[in-house]
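Residue numbers (this note's numbering), protein chains in the order written: chain A, 319 to 569; chain B, 152 to 507; chain C, 191 to 661.
Just so you know, the hints here were simulated from the structure itself, not pulled from any lab data. Hints should not be assumed to be uniformly reliable.
Taking lysine to any residue and the SDA-like style, the derived pairs with C-alpha atoms no more than 25 Å apart in a straight line are [said to hold, decoys possible]: (1) Lys563(C) to Gly172(B); (2) Lys467(B) to Glu456(A); (3) Lys467(B) to Leu409(A); (4) Lys241(B) to Val190(B).
Which stretches of chain A does chain B cover? Using the computed rule of at least three CB atoms under 8 Å from a CB of chain B, they are [said to hold, decoys possible]: (5) 371–379; (6) 403–411.
Quick reminder that beta carbons are idealized off the backbone N, C-alpha and C, glycines included.
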Amino acid sequence: MADLLNVKDLCVSVEEKGILHGINLSVKRGETHVLMGPNGAGKSTLGNAIMGNPRYTVESGKILFEGEDITEEAVDKRARRGIYLSFQNPLEVPGVTLGNFIRSAMEQRSGKRIRLWDFKKEMKKALELLHMDPSYAERDLNVGFSGGEKKKAEILQLLMLKPALAILDETDSGLDVDAVRTVSEGVEEYQKSMDGALIIITHATRILESLKVDRTHIIVNGRMEDEGDASLVDRINQEGFERYMTPVSKV
Amino acid sequence: MSEERNITVNKLPSPTFRWLGMNSALLPVPEKLKEGKPVLKDTEELSASETDYTLMRNIAGGMGEELDRMAEESGIPVREFHIGAGISKKDALYISLHYGEGEQALNLFSIRAEEGSELTIFMDFSSEKAGYAGVQTKLSIEKGARVRLIQVQRLGEDFCFFHDIGAKTGEGAEFDEREILLSGRQSFHGIRTDLSGRESRFESAIGYLLKKEERLDINLIANHIGEKTESRIDSDGVLRDHAFKLFRGTIDLRKGAKGAVGNEMETVLLMNDTVVNQTVPVILCDEEDVEGNHGASIGRLDEDMLFYMQSRGMEKEAVYEMMADAKIDAVINGISDEKLREQVKSYRRREDEEAV
Amino acid sequence: MARERTEVNDIDRSIYDFRYEEKDSDFYKIKEGLDREIVEEISEKKKDPAWMRDFRLRSLEIYNEKSIPTWGPPIDGLDMKNIVTYVKPKTKMTADWDEVPKDIKETFDKLGIPQAERKSLAGVGAQYDSELVYHNLQEEAASKGVVYTDLESALHGPYAKMIEEHFMHLVPPTDHKFAALHGAVWSGGSFVYVPKGVSVEIPLQSYFRLNAPGAGQFEHTLIIVDEGAYLHFIEGCSAPKYNIANLHAGCVELFVGKNAHLRYSTIENWSKNMYNLNTKRAIVAEGGTMEWVSGSFGSHVSYLYPMTILNGRGAKSEFTGVTFAGHGQNLDTGAKMVHNAEDTSSYINTRSISKDGGVSTYRSSVVIGRNAKNAKSAVSCQSLMLDSDSRSDTIPAMDVRTQQADVGHEARIGRISDDAVFYLMSRGLSEEDARAMIVSGFADTVSKELPLEYAVEMNNLIRLEMVGAIG
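Turn these sequences into a full structure, and let the hints steer you where they fit.
See the structure below:
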């Protein structure tokens with residue numbers, strides 16, 4: 319099967335400082351990949367580069383999506399191709415309700431008007447799945463949301479927009495046990511019923527407990543240092559990143 | 152149009168460099184102005200009367216003395232609404248003025264809210280294509296009283312309009328002022344609140360959408376006179392095409408206003424390279440034990456915000472459109488009276504939603 | 191730490207008020223007031239070229255036509271009829287410190303000028319009343335082709351044409367009444383030229399001392415930093431206190447070439463009866479950088495808003511300023527930024543302190559023109575009120591005419607927090623020390639931008655101003 323996402327020898331810098339140094343990564347449709355690494359290793363940078371954040375400059379290498387080179391493509395075009403990034407700190411947008419925002423984004427993706435009735439029905443279902451009160455749809459996007467509510471609102475958008483690839487950047491951080499469970503149920507729904515591919519950037523493993531993980535990648539100092547199956551997650555949990563950080567393993 | 156003269160209005164309380172041309176504005180005044188015919192609703196619990204200009208003179212407005220003189224000399228009667236002590240009026244006093252083609256109108260309103268009363272006033276200004284209209288509203292808000300004034304401006308593309316507001320607050324009184332400015336060729340808005348009574352509050356939220364050749368000139372003044380007075384000014388708008396906007400916002404923390412706090416925030420989203428946005432946010436401070444803050448953000452959308460919204464698949468233009476709407480909606484959403492909020496929203500609702 | 195501070199406290203402000211009892215015969219003084227005859231006499235004394243003489247007379251006409259500002263602090267205490275526009279010490283300008291007359295030398299010695307030169311400067315100019323009395327450029331800088339001289343000799347030297355092409359082109363006499371006055375009676379000041387690609391590693395300094403009572407100082411500073419060059423120029427000003435008002439209406443014109451970098455630092459400590467109506471302006475070409483560091487402590491009334499015109503793509507300007515207004519002072523200071531080209535950026539960061547009845551006003555303008563695509567501007571101004579007799583106003587203006595701009599503005603006015611004072615006092619500081627420390631910290635953003643000796647001087651000034659701040 320052809321790759322959904324293909325990252326080739328990607329080097330990325332932020333404000334002229336090199337962060338990623340030749341990253342390779344392939345994700346097939348429906349696969350779940352976990353990206354782990356110590357703070358500042360470049361995990362979020364990779365997510366932002368795939369999404370096309372203009373603050374992150376691709377110095378060399380390529381990003382292919384469904385076989386097409388999207389390295390230079392604008393962020394909204396990538397989104398319409400089916401890439402989704404959940405933000406660590408989603409922005410507050412006063413005056414735009416969560417519901418209107420999602421509906422506008424859906425209409426922009428499909429280029430078609432969506433009937434209010436159909437939209438509301440689908441929205442209600444997603445809100446229920448995430449144990450969110452229906453009134454959230456009427457609240458201004460992320461305004462006054464708690465940390466957990468913001469993360470849930472990100473997953474809500476994921477379920478409504480149904481991308482082919484979702485990058486979850488620390489979606490589980492700062493959440494209590496119940497909230498992690500809810501978020502992870504939402505992700506599971508995406509994985510199963512939409513055959514969605516996932517790149518999960520995480521420090522913790524709670525979010526992974528109920529998910530089927532296909533590959534695990536370890537990123538240290540902007541380089542892929544290791545790769546393995548789901549069991550690598552457990553090893554990291556026990557041993558940490560020490561072994562990747564010794565001077566011997568590098569240079 | 153008949154003969155016109157110009158008067159100087161919207162003077163910045165503390166003028167600055169002359170070459171900037173921001174110190175004041177020239178308001179055209181037609182030779183003859185007639186009283187506009189307002190539609191009034193929900194006047195029960197209020198006593199309405201006709202008075203002369205005496206009371207109006209005691210409260211200064213944001214547009215200034217020359218306007219007062221013009222209003223007084225016009226001979227147009229002052230319509231006074233008076234709410235008695237302790238009365239909380241449930242439904243908003245509704246004042247609607249629809250100006251006909253070529254009309255040249257002036258209306259003078261005096262609002263007196265006695266101790267502990269509560270009143271919401273909704274002013275709806277609309278018009279045919281061209282004409283001229285002015286409104287002056289002076290409010291005396293006594294001890295513990297609370298007045299909310301909401302105005303919506305939707306005027307014709309060749310219409311010139313001004314609204315001068317002056318308010319004085321007693322101890323613990325509150326004045327909440329909200330403006331939703333949607334259209335009109337040339338508008339002048341002056342708002343001045345003298346926070347005389349201790350612990351009185353003034354809140355102002357202005358949302359505007361200017362397009363084509365529209366011009367908006369605002370002079371907003373919060374005078375902190377009493378102790379522990381508070382003001383909060385939020386101005387949020389969108390400029391496109393050849394629109395011009397000048398916002399003067401002054402927080403004046405006078406000597407003796409111990410414990411006073413004034414906050415002012417302005418954001419302006421610019422949609423074209425042909426707009427002109429001028430801003431003078433002033434803080435005057437003559438007292439140690441006070442706090443004054445001001446922030447402004449002018450220009451394009453914040454990069455992070457744009458990226459966030461684009462990452463959900465929206466085109467840049469669509470994000471800008473959405474944010475432009477959002478600015479006005481945020482001011483509308485702040486209207487606490489649900490019925491009014493829905494009414495104002497209905498002016499802007501998308502057609503397809505109404506079809507569902 | 192506390193001990194060190196006590197020593198600092200002992201610094202005597204009287205060094206600035208120090209003055210010799212001079213006999214009138216030691217000086218050549220022009221008669222008071224301002225008319226054509228006086229301007230012609232100055233022009234003659236200075237052996238002006240013909241164009242300069244005409245320029246002065248034209249400026250005088252403009253001066254007579256212009257009205258005084260309708261905004262800003264009152265200046266009615268200033269009567270031009272009583273101001274002596276030109277005072278010349280009976281000495282020649284010299285590059286040898288020993289040749290400077292004894293009394294003048296001692297004044298500057300007290301202010302630390304020659305020591306500073308030996309320690310950390312590439313060149314020094316010292317102006318006493320209307321004329322430079324000492325000018326020296328160290329050999330290393332001179333060998334790179336750097337020119338640092340008094341403006342009068344430059345007018346007759348090889349750079350005459352360059353001066354004619356730049357003099358008051360950036361600040362034309364039509365700009366405002368006091369620019370016109372300057373154009374008519376200017377005297378003294380410096381000319382600096384830094385050739386292409388030359389980096390002057392250590393700063394140049396000029397020091398202005400106005401000594402004669404009732405006199406005006408109208409020095410003109412013209413600096414041209416050519417393509418890719420770097421210069422740090424420091425300006426210091428002081429005057430003793432007299433009973434008659436003095437006037438300072440200097441003019442600074444700075445030309446920053448392509449990819450060049452100029453840093454201009456000022457510590458102004460004029461006496462507290464001085465009217466300081468100074469005009470400073472810089473124009474920056476493509477990729478160039480202009481940095482202003484400005485400390486305003488002295489004078490009775492100040493109007494001071496250094497302007498930067500960002501004229502080339504990617505040009506940048508930063509303004510960092512602190513103003514301390516004490517008893518009897520009305521200091522109206524700030525900055526002006528004009529964005530005329532793409533990718534230009536400006537930053538204004540100021541702190542104002544008002545104490546003991548002093549009035550400080552932050553006034554600024556940021557103008558982003560239609561062609562200044564991708565311009566960025568950020569303003570942050572903070573004011574501190576130390577008591578209720580004082581006053582602090584903030585009057586910024588912004589004019590934005592392109593959609594592709596990011597303009598941010600932040601202003602804050604407040605007082606020293608009681609909690610902060612309590613915290614420091616709980617660690618054993620006296621209230622006076624605690625408050626002084628907080629004020630120094632507040633002004634730190636500027637003092638850390640200054641060369642060490644000046645940072646120390648500025649902190650001393652703050653400390654001196656703070657003594658007795660608690661009643």
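Here's how the hints hold up against the structure:
no.: 1; hint: Lys563(C) to Gly172(B); verdict: holds (23 Å)
no.: 2; hint: Lys467(B) to Glu456(A); verdict: holds (24 Å)
no.: 3; hint: Lys467(B) to Leu409(A); verdict: holds (16 Å)
no.: 4; hint: Lys241(B) to Val190(B); verdict: holds (19 Å)
no.: 5; hint: 371–379; verdict: holds (count 3)
no.: 6; hint: 403–411; verdict: holds (count 5)
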